[in-house]
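Undergrad: Modelling step: build the complete structure from the supplied sequences, incorporating the hints.
In order, the protein sequences belong to chains D and A.
Residues in the first sequence are numbered from 1 upward in steps of one, following the numbering used here.
Residues in the second sequence are numbered from 305 upward in steps of one, following the numbering used here.
You can take every hint at face value.
In silico contact screen, one side only, chain D against chain A (beta carbon under 8 Å); selected entries:
{"#": "1", "residue": "24"}
{"#": "2", "residue": "33"}
{"#": "3", "residue": "54"}
{"#": "4", "residue": "58"}
{"#": "5", "residue": "65"}
{"#": "6", "residue": "66"}
{"#": "7", "residue": "67"}
{"#": "8", "residue": "69"}
{"#": "9", "residue": "71"}
{"#": "10", "residue": "217"}
{"#": "11", "residue": "245"}
{"#": "12", "residue": "268"}
{"#": "13", "residue": "269"}
{"#": "14", "residue": "271"}
Read the hints as simulated data drawn from the structure, not as lab findings.
Using N, Cα and C, we set each Cβ at its ideal position, and we do this for glycine too.
Residue-level listing of the chains:
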Amino acid sequence: MNKLAIKIGNLTFNSPVIAASGTFGFGLEYKEILNLNDFGAIITKGITTKRREGNPLPRIIETPCGLINSIGLANPGVEEFIKQYGDIYKIFPTNVIVNVAGDNANDFINIIKRIEHLNVIGYELNLSCPNVSDGGMILSEDPNDVYILIKTIRNITNKLIISKLTPNLCNTTELARASEEAGCDAISLVNTYLGMSIDIETGYSRIGKDYGGYSGPAIKPMALKLVYDVSNTVDIPIIGIGGISSGSDAIEFLIAGASLIQVGSIIFRNPQIAFEINTFIENYMDRKSINNLNDIIGTFKGSI
Amino acid sequence: MRRIKSQILSNKRLSKELHLITFTSEKIEEDLLPGNFLHILVSSSLDPFLRRPFSIFDISEGTISVLYRVIGKGTGIMKDLCKGDEIDIIGPLGNSYPIDNSNNIYCIAGGTGIASIHFLIEYIKQNHPTKQITLCWGTKTIHEFILMNEFRLISDKIIFSTEDGSYGNEGLITDFLPIFKDNSVIYACGPDGMLHILKKKPIDLPMFFSVEKRMACGVGVCLGCAVKMNNDTYKYTCIDGPVFNANELKYE
Numbered sequence: 001m002n003k004l005a006i007k008i009g010n011l012t013f014n015s016p017v018i019a020a021s022g023t024f025g026f027g028l029e030y031k032e033i034l035n036l037n038d039f040g041a042i043i044t045k046g047i048t049t050k051r052r053e054g055n056p057l058p059r060i061i062e063t064p065c066g067l068i069n070s071i072g073l074a075n076p077g078v079e080e081f082i083k084q085y086g087d088i089y090k091i092f093p094t095n096v097i098v099n100v101a102g103d104n105a106n107d108f109i110n111i112i113k114r115i116e117h118l119n120v121i122g123y124e125l126n127l128s129c130p131n132v133s134d135g136g137m138i139l140s141e142d143p144n145d146v147y148i149l150i151k152t153i154r155n156i157t158n159k160l161i162i163s164k165l166t167p168n169l170c171n172t173t174e175l176a177r178a179s180e181e182a183g184c185d186a187i188s189l190v191n192t193y194l195g196m197s198i199d200i201e202t203g204y205s206r207i208g209k210d211y212g213g214y215s216g217p218a219i220k221p222m223a224l225k226l227v228y229d230v231s232n233t234v235d236i237p238i239i240g241i242g243g244i245s246s247g248s249d250a251i252e253f254l255i256a257g258a259s260l261i262q263v264g265s266i267i268f269r270n271p272q273i274a275f276e277i278n279t280f281i282e283n284y285m286d287r288k289s290i291n292n293l294n295d296i297i298g299t300f301k302g303s304i
Numbered sequence: 305m306r307r308i309k310s311q312i313l314s315n316k317r318l319s320k321e322l323h324l325i326t327f328t329s330e331k332i333e334e335d336l337l338p339g340n341f342l343h344i345l346v347s348s349s350l351d352p353f354l355r356r357p358f359s360i361f362d363i364s365e366g367t368i369s370v371l372y373r374v375i376g377k378g379t380g381i382m383k384d385l386c387k388g389d390e391i392d393i394i395g396p397l398g399n400s401y402p403i404d405n406s407n408n409i410y411c412i413a414g415g416t417g418i419a420s421i422h423f424l425i426e427y428i429k430q431n432h433p434t435k436q437i438t439l440c441w442g443t444k445t446i447h448e449f450i451l452m453n454e455f456r457l458i459s460d461k462i463i464f465s466t467e468d469g470s471y472g473n474e475g476l477i478t479d480f481l482p483i484f485k486d487n488s489v490i491y492a493c494g495p496d497g498m499l500h501i502l503k504k505k506p507i508d509l510p511m512f513f514s515v516e517k518r519m520a521c522g523v524g525v526c527l528g529c530a531v532k533m534n535n536d537t538y539k540y541t542c543i544d545g546p547v548f549n550a551n552e553l554k555y556e
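TA: Next comes the structure, spelled out in structure tokens:
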């Protein structure tokens, strides 16, 4: 029995570690230097109905313990995605989840209908891309809109539906509750924080837009707090994201209430991070005589 | 592509800002071609967070050398690494300079662009010894002409320029290019400004640029290192480059 295995509904994840959308391409890019089955799942780059070229340059800037990105959902579009990866996902070493992005409910529905036949276990709905005006962000601001969108998607698929939420609004817990009520299977949070970086010599932004999405270890404490808040609000599983860079970070998120976690920016630095986190959690469980990952999840004890 | 832990063998300061670091390569050097780059993590600290892409200056059996300019946090840490210290390397990454049948090779290097040009010239000399190599090398000032004797040995002709006039021609190297012979190819590596000027020149020869962009992943997943193409689409320095046909690139 794999001690790290965790279930959502009837789906098994061999590890609680998932590769976050936008940091793992379509799953093959790193295959020469890591074992894909170290991940419980991989989540694709966000897919839109049509090809998107992405945002103006430059698109990334490093900041202390993190980076700001302004990629702008560059992706080949759903048809090219199916052509390029449909067959590859028929035999893939781990679960594949497709991140879906769109301007409106129709986009989400059209994409999901087109890819429903692929061998993927579900969809992560990108309700929170900070880098495009039409990236689902507008859809995601109002819990009613989120409810209607997810309810509509629930009617067309039995696969896993994950709602990916932004940390940049003050109603994250309400959005999570609306997602749950609409029949969502899990919540993933957080997407990137909005951030800026200014060149003081020129006065211009150091990325191609005025602001971008801020990620990396620097955001971890804020993300952890939000995961904790949302896990106290909904009963469906939480997939914790935000600056996780070590096994110990991952366990913090589990204790705060996440059932699974995603690693993102850290992959750029350490592609073998999933293996390292798995090993760390196994050792931790041995040391604490814990046999089931569920016995860690949500065990936060508060302050002494 | 492999990921290795590498030991520093030497780390020398060659000029005020330029350093040459040599490290063990675990046979990665056997797969390296001129133009390829390595993605190097210089510190176990989370700040700086990202790896740094470096082109190759030189290889020999079991070792790789990288020429770098100390400009920020990453290279600031790098310059203090000592013999025996460990760095974490992913590579080889990226494409390489395409070598065709041309007899005459013109290499145009600006600043630290000389790094990948050095490896390219060495490679051509070794594998295509009959080709004639002209190096056009521009820097800000005389001190940046490092290892000049070695360059004189491997190049058939060198044109120098410095922006301050302290050595060679005074001005930008793009103002002192030779008359190109037929049956030639041009390889250029240097700052965007230099490449932009080259691209605007009425040169009717195959011309390849190795470009430098900020990078996060180095393998084509983050899509951060985009470069604009003539048709307003983007390609990515890490997987489509760093070497591009100059005709493809758009400079605005």
